[in-house]
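Protein chains in written order, with our numbering: chain A, 1 to 297; chain B, 1 to 305.
Everything labelled a hint here was simulated from the structure, so no lab data went into it.
Warning: the hint list may mix true and false statements.
As the list claims (entries may be wrong) - Simulated restraints, written as ranges between beta carbons of each label pair:
no., chain 1, residue 1, chain 2, residue 2, range
1, A, K114, B, K269, 27 to 35 Å
2, A, T115, B, K299, 19 to 27 Å
3, B, G199, A, L22, 15 to 23 Å
4, A, A283, B, I187, 22 to 30 Å
5, B, A52, A, W63, 54 to 62 Å
6, B, V56, A, I207, 21 to 29 Å
Every residue, glycine too, gets a C-beta built ideally from N, C-alpha and C.
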Amino acid sequence: MSQNALDIVGQNKARQKRLSILAEIGCILLFILFMMPFFIVLLNSARTNAEIINSAVGMPENWANFKENIVAVWNNPTFNFLKALKDSVIITVLSLAIISVCSAMTAWVLVRNKTKWSTALFMMFVAAMVIPFQVVMFPLITWFKDLGDFLHLPLLRSHGGLVFAYLGFGESMTIFIFHGFVKNIPLEIEEAADIDGCSRAGTFFRIVFPLLQPVFVTVLVLNGLWIWNDYLLPLLLLGSNGEVRTIPLAVQGFIGSFVKQWNLIMVSTLLAMLPIIILYIFAQKYIVQGMVEGAVK
Amino acid sequence: MEKQKLFYGRRERKITEFLFLVPTVLAFLLVIIVPFIIGIYYSFTDWDGVNAAKNVVGLANYRAIFTEPGFLHAFLTTVLFTLFNVIAVNVAAFLMALLVTSNVKGRNLYRAGFFVPNLIGGIVLGSIWQFIFSSILPAVGKALGWGWLSASLITNPKTVVGAMVTVNTWQYAGYIMMIYVASIQGISQQVMEAASVDGATYWTRVFKILMPLMANAFTISLFLTLTNSFKMYDVNLALTNGGPTTLFMGKPVQASELLALNIYNTAFKYSKMALGQAKAVIFFVVLVVVSLVQVSINKSKEVEM
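Okay, chain B solo, but in the shape it has when bound (with noise of 0.2 Å):
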């Protein structure tokens, strides 16, 4: 009888738990892998997407892409802008995150307002953000006779990227800030007070104490950042397109077109699916790197510790 009881009772834990995983792997096999394999053979082939046809064409594609003016200026856009923009973005929000943990007077007001910004998506704020270049930015660059200004920044290729870490920044560093104060917050608050009764100057225990202490949330934030950056699509899109025109290696490239709106592109626009594909496994292994490196670093850190 008892024997019997426990017998049953394990089938019924066996089954149970096997239901519960049935859902997210068949998500999981259905969503990610099969797509995944299907894609890494398109890549291989020469499928325009449209038409049935389909051939074998080995390497063709990776060796055409690494000729492709298009495909290398997106490349190079997008290390551009990666770099500015994880610059630009956590600078701003370590600023903003020293602001709103000092005594200032409404810090709560001032915090939940920085990150209004994440809370929307790309397509709105790059439709804004287009309207507040095209338009509004000109008309102040004139009223204040300002060159620079007076024509708009995201129809001139050499201040487009420049208009597009404006946006990013905007965008995203009020959400960086508040993993900053999140940081700052873990920290005793004796220790900067012992500071500076010792005399240190207020930037002394900013950059001696603070930032060390701070070292795992810049890991992150960093690397947040980064992959983020990288893989931005939709305010490139909404805001710019890609545009304007610009010359790159003899030839006429989109001046902001990043990696993930030029393999979009390059699949539907020119209806070149299996280059597309081929540029998106591309894609795919600098992100494998960037998060073996980021990996990499968190495991030295927990030795440290």
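Extracted from the complex, chain A is given alone in its bound form (with noise of 0.2 Å):
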């Protein structure tokens, strides 16, 4: 009896074994396919157009053109890489903020006052997710024309009008987000500074504002993954060769004027990923932790 079990034992342990040993392996070779590309933009950055044509697997003949190369690129007016980068922070970061703190209000209030005003228009938020970008689009560009002239301000082609925009498309999720982790906030903390004499505008920014700490991780990563790296919205309301040109613009501009010079376009694919990817080396656990909360919410 004893025996037997210490046989199935013995067989899960050679089983496992071999399992693990598997696994071990499996991971190598998905590692490897997973990096690839990249070590193929790398290698390929470092070639001349000449050998890749000659044969384009390869390793680069003398890795001196490496520099040359991203000298070539980083120089070159039409992607004009650092003007593009500034572009695409300015965008980013301001849209963040300007997300994160619009709709963390609009939550809270919405919260807070339990009227069926306030639940319509939790409501219409909620359904405007489904809007698809498409059915907007056409139409938004006109209408931002037509309302940048009326007002006398320049809704297209530049920063301000973009980042409003990002503020109509991002605010939705962000709201719902932040209505159900507001939700959990004790109202006590709330009347204790209250009766103390602090303001309503107060009692959010000092008490309420802190509190949503938590959250600001999950928000902050899914807007900035998807504004840092929208091509779109971008394209439609900056116009392709504008003054303002995002990253993305810049790429796609790039590669248009540099049909098949495949060492050059991987230069400056390497530019634009770049940013992100340092930026991931050091926040990677929170980027993880944002994106997968962001989706199970």
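Combine the two chains into a complex, taking the hints into account.
Here you go:
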């Protein structure tokens, strides 16, 4: 009896060992497969176009070309990487700040006022999450042009107009996430502040806002990745060769002007990927946590 | 005195709360609602997007859509792509989640690595994969003597959708994997060990215990990949831009043009703004149906619990 039980355990041990060796090999192979495109970018960034045409697969003949290619792309006026990086940073940071603060304020007011108006407004925000970008994108351009002319504000081809549009497209989901969190903040804390003579705005910014910190990770990561990598909205509101250009626009414009110059195209994608990968190295835990929690909510 | 103060407090409270709503409600109206209404109106006109002339033509655009080979092909291709992509992404993500939650060495490195493609925008990685498909893989195919790989897979109408599924799985599986990982980590280790002691093999444990307990994560991931595949645009644009041309209903159509790209091209490439807008409205209706199904599934789950 006991002999038999031991046998099963022994069998299981052997099987487990086989499985874990298989898992080990599977992981290594998958990892190589997943990283391969990045190696391809790196290797071909260090080759000349003649080398690539001659044989697409191969090691760089001279790594000095790496620096040369980077300098060529960096200084290319069509790509204008530094300017695109600056514009992308301005747009993403401003949008994130405005979306987060405005959505948190709205979510808090909607939770603390239990009227049919606040419920209706909340339902509107939630329902709007279904609206795909494609159904509003064409009218948005003509409407922003008319509205901008009327208000004498540059809504098209400017940072401000794009940031305002991002508030509109990002707020629904952000309000939804904040709403779920604010519901669980005990009202007693706010009442205490009220009694102590804190203004309503003071109650929010001094008491509630700091308590929202855990959700900020989710909100910043979800909105940040989307805005940083977004192509279509900047294309429509900024134009493909306007004064203000984000990194995805710059990459697409560069590729269009350097047909099949694969070494330079690879360098441009390398530069475009670098900022977000550097950020990921430092904030990996938060980025993954934010994305997963955003999906589950 | 007391009463006066309370009155002032209530008014201050009302004004503050009103002001707190203004930015989001304003943006909501000006960015979503007004364009949405204008968009519905456009879809009933014959506007080309360039000239000022707009005539109301009723349902003509909607009728035209359902006889247009280009749109029907894009619709079917999108459905096909979505189907394969949802399966490919979720199967890959689930297997990867099993791998990185086992006791392999360096599992944190693998998790981090698999997630990386998800950080990069569709335009950038679409361009990288265009290079891989048009130059690298054919060279590899020729070197190995594999006929099917010797020609570019993205210029062949039969393989181009498969190529897009490959790219999207590479991009998206790491993210979905993380959702599965979070779900697996929430399951008590003791349940799995108990089954193991009872003599259940690894795959029995996975199918009979792990997967039923992960039902919620599967629902979330399925709908996430479903809507994302259906709305796919960036990678489509950068990888194939819709090409190559193929025949459908006796007319030349774009073999890999998905709905979102078809909508954009109708409006801007072919200057049929109103027609493009009508297609976008259909696109919206389909997504509403998908969302309603999702909500009802989530609701029925809540009842069970």
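Where does the structure disagree with the numbered hints, that is, which hint numbers, in rising order? When the structure is compared with the hints, numbers 1 and 6 turn out to be violated.
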